[in-house]
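Protein chains in written order, with my numbering: chain C, 20 to 334; chain P, -19 to 447.
Be aware that one or more of the hints could be misleading.
[Said to hold, decoys possible] Think about it this way: if two alpha-carbon atoms lie no more than 25 Å apart in a straight line, the pair counts; the simulated PhoX-like pairs of lysine-lysine are:
1) C:LYS21 - P:LYS415
2) C:LYS301 - C:LYS316
3) C:LYS194 - C:LYS171
4) P:LYS372 - P:LYS340
5) C:LYS194 - P:LYS196
6) C:LYS200 - P:LYS320
7) C:LYS21 - P:LYS163
8) C:LYS108 - C:LYS66
9) C:LYS194 - P:LYS401
10) P:LYS143 - P:LYS114
11) P:LYS246 - P:LYS196
12) C:LYS192 - P:LYS380
13) C:LYS25 - P:LYS405
14) P:LYS333 - P:LYS320
15) C:LYS25 - P:LYS401
16) C:LYS192 - P:LYS196
17) P:LYS340 - C:LYS25
18) C:LYS119 - C:LYS301
19) P:LYS380 - C:LYS179
20) C:LYS265 - C:LYS215
21) C:LYS200 - P:LYS380
22) C:LYS25 - P:LYS415
23) C:LYS301 - C:LYS265
24) C:LYS215 - P:LYS246
25) P:LYS372 - C:LYS200
26) P:LYS278 - P:LYS321
27) P:LYS380 - C:LYS187
28) C:LYS187 - P:LYS333
29) P:LYS407 - P:LYS143
[Unchecked claim] Per label pair, the in silico range of CB-to-CB distance:
30) C:ASN293 - P:VAL384: 50 to 60 Å
31) P:TYR368 - C:TYR296: 30 to 40 Å
32) C:GLU51 - P:LEU390: 44 to 54 Å
33) C:GLN258 - P:SER422: 28 to 38 Å
34) C:PRO279 - P:GLY(-7): 57 to 67 Å
35) C:ALA59 - P:LEU349: 48 to 58 Å
36) C:VAL84 - P:PRO189: 23 to 33 Å
37) C:GLU51 - P:ASN416: 32 to 42 Å
38) P:GLY(-7) - C:GLU244: 22 to 32 Å
39) C:VAL84 - P:GLY(-7): 30 to 40 Å
40) P:SER422 - C:VAL84: 26 to 36 Å
For the record, the hints were derived by calculation from the structure and aren't laboratory data. Every value quoted in this text rests on a predicted model; they were computed, and no experiment measured them. Yeah, the Cβ is synthetic: ideal placement off N, Cα and C, and Gly gets one too.
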Amino acid sequence: MKFRNKTLLFLILCAVTHSVLYFVFYRIANKENPLVKQMALCKANKKAVKVLIAGDSHAERGIDVSIIDSALNLSYYGENNMFTYYKLKYCLENFDLKPKYVVLPCDIPTFANGFNHFRINNFFYYSLVGFKDIKDMRDEPVVEYYRYFKIKLFPYTDWKYALDLAGKTRAQKAKGAFSDKNPEEQMANARNFLQKELNCAGRRENLFFSISIEYLNKTLALCKEYNIKPVFVKYPLTQQVFDVVKNEVDSTALQIRNRPPEMLIRNQNIPVLNFEYLYAQKPELFFDCHHLNNAGKAAFTPIFKQKLDSLLRVY
Amino acid sequence: MNFASFPYLCFLGMCILLYFTLRKSIRNIFLLLASYLFYSFFGLGFVGLMIFTTLVTFITARYCYSAQTKSAQLVYFFIGLLLDLAVFILFKYVHIIDVDILNWPAWSAQKLLIPIGISFYTFKTLGYCIDVYKRKYAPESSLVYYALSVSFFPQLIAGPIEKSHVIIQQLKQNSNFSTANFKEGGKLILWGFFKKIVIADTIALIINPVYSDIAKYGGLDLILVSIAFIFQVYADFSGYSDIAIGSAKCLGIELPYNFNKPFLSKNFSQFWVRWHATLSAWLREYIYVPLGGNRTSKFRWFFNLFFVFTLIGLWHGATYNYMAWALSAYMWVLMDILTKKFRIKLALKLHLKKRGHIIKIISYVSVVLMVAGIGVFFRADTLQQSFYVFEKMFCFGPSKLGLVNCLLILTCLAVLEFLQKFQAKPKGHCFELIKNTYVRISTYVVIIFAILVVSSRPDITFQYFQF
Chain C
20 MKFRNKTLLF LILCAVTHSV LYFVFYRIAN KENPLVKQMA LCKANKKAVK VLIAGDSHAE
80 RGIDVSIIDS ALNLSYYGEN NMFTYYKLKY CLENFDLKPK YVVLPCDIPT FANGFNHFRI
140 NNFFYYSLVG FKDIKDMRDE PVVEYYRYFK IKLFPYTDWK YALDLAGKTR AQKAKGAFSD
200 KNPEEQMANA RNFLQKELNC AGRRENLFFS ISIEYLNKTL ALCKEYNIKP VFVKYPLTQQ
260 VFDVVKNEVD STALQIRNRP PEMLIRNQNI PVLNFEYLYA QKPELFFDCH HLNNAGKAAF
320 TPIFKQKLDS LLRVY
Chain P
-19 MNFASFPYLC FLGMCILLYF TLRKSIRNIF LLLASYLFYS FFGLGFVGLM IFTTLVTFIT
41 ARYCYSAQTK SAQLVYFFIG LLLDLAVFIL FKYVHIIDVD ILNWPAWSAQ KLLIPIGISF
101 YTFKTLGYCI DVYKRKYAPE SSLVYYALSV SFFPQLIAGP IEKSHVIIQQ LKQNSNFSTA
161 NFKEGGKLIL WGFFKKIVIA DTIALIINPV YSDIAKYGGL DLILVSIAFI FQVYADFSGY
221 SDIAIGSAKC LGIELPYNFN KPFLSKNFSQ FWVRWHATLS AWLREYIYVP LGGNRTSKFR
281 WFFNLFFVFT LIGLWHGATY NYMAWALSAY MWVLMDILTK KFRIKLALKL HLKKRGHIIK
341 IISYVSVVLM VAGIGVFFRA DTLQQSFYVF EKMFCFGPSK LGLVNCLLIL TCLAVLEFLQ
401 KFQAKPKGHC FELIKNTYVR ISTYVVIIFA ILVVSSRPDI TFQYFQF
């Protein structure tokens, strides 16, 4: 066979394989992706929504939205506040939700370096982000554009997240208890959390991601535009997280004045519900150092509801 | 920059394009700068260190060669050798002395990073000094050529360790762009990507959690994981080598092979000739043979082997684990030598053909098990953890690895071994023996899409980058 024919055959086979994978993936992902399902639920929602709960796994694992009146949970695992902004924007622009309040996270990881560099579910989130906005999301725009084009051209490369293969494991995890681990394992878990999710730069002075703080401002501006009052929540964490942050990042990092995003929120007189230390000494309510388990969720939701209700009465 | 990544392919593509479009007189300067740029992605300070090593060995080798007296030659040789080794030891081992032996709390040795690839380029520069001192070759007169032979980016980070003069000779030929080389190089890169991303990283993602919580797993799990680990390292390192050889080939440079289907070795001694072949060759040429090799008394022969294996362990790192790994490998080699006659007699007694299938299967299984056994030391974080793994291997409990993970591991091993069947030469790829054009082209497509589909996983660095 001539070289030209071989090349042609190769290109045709590549195009066919790509097309098959592309369409099969889209068909399955648009049915199976939990974020797509979440959007579909939002769209179908006919009830009046008073409170929108947004954020990452802390909100998803911490709050049982079924016992909170007129609330809708938009939070999802691994969602950083930049993606929260785009999702919120999309929902407000496209669906008839008109919430009065939006609950947003302001935990240590929310604006941390590692967590905001760790991007998952790109298949879904990049569909919400405009081409021009991509450069704003990272200190290295080339890396972000590379990911963006990769997802746009080869969406099936994100199959693991798009098809939510970890869903069952996640549900299983919520049945465990952090107290079942020995002290070394607990500390190792907290240390791992610090290295991977908090401070990927590995520098003591570099815990927070400046771009993520810019997105906090954008989110607040969005709330203002839609006349929504934001409420920030600091979800419960275990003592091990505080110990690791204190000893291995910076002992002053836990002080509020050393948390730039929180200072920004407080300077604008936006309320912050602080549950950070609520269960610091109750490892049995967590399954790892920073996620509540099923028992934790059941215990935390009524307390959260009570605090939120009393706040909303005056706010 | 990760070798098995799209950015690396872009970098390589740019280098090939510019290298062959530039005038021949400045091509090598460009390639040298590109190699330093490539290395600077891992740390700018590392480049400075490599330039220092290059300059030291370049200058001392020249002085050594031109010195009139034997003693002057020896002095220059030792200056080069010691400075080269001093840098290597300072960066590779001083933090171990600091932490483990002297325990200096305020001293900053722990902050010294181990420069990536230092073990590889130090061995190369050492070999150059020794060759010049022994008058095997004249020292290179051009600093650019010599520096490029040390820093040539495809082989800079993890080999293959090729002699400087071999690379310099090829660089001086200044060959034109060859479509055949480019095609062959591309196929090798594709094969390397497949081995690294599809095989090695898939296995790594399954076995890494096992090593972080060994107590949870049963004996059978740990046996499977130990076997899987050696295939992971093999796919990882040989994948890297294929990418390196393929990249160099695209630029018109031939690098030696590093792996020659090591698990198909007849015995454990042969395994070391086929696994990381360039390191074995270096040690054989510069250490083992000068010590007398096997043409000496049995005791001396065994001592020579012991010395070489100790060096192999130290080269990987001054940890108890690497030493235990190397010394247990030495024990297997000794056992192989000592039982050779007995095994031949036994095979004759059992009427087994020398190259028959049964012998081949027995050899394969025994080599895999022996390598997997010592591989535990290589993978475990501490010596205690290694012994714990061995202990747990004999506690047969229910499998916690899960059927899917077990099947995935076995599939990876089967696919790797199956595709390797189509690799004829050691420096080849899996497309060589697929004669049917349609099947071959379909294989390219399947491999490309397999790489794409699994490429969304987090980056797992090459195992041998740490050395």
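(Q) Which constraints among the numbered hints does this structure fail? Numbers only, ascending. (A) Of the numbered hints given earlier, those the structure breaks are 3, 4, 6, 9, 11, 17, 18, 24, 28, 30, 32, 33, 34, 38, 39 and 40, listed in rising order.
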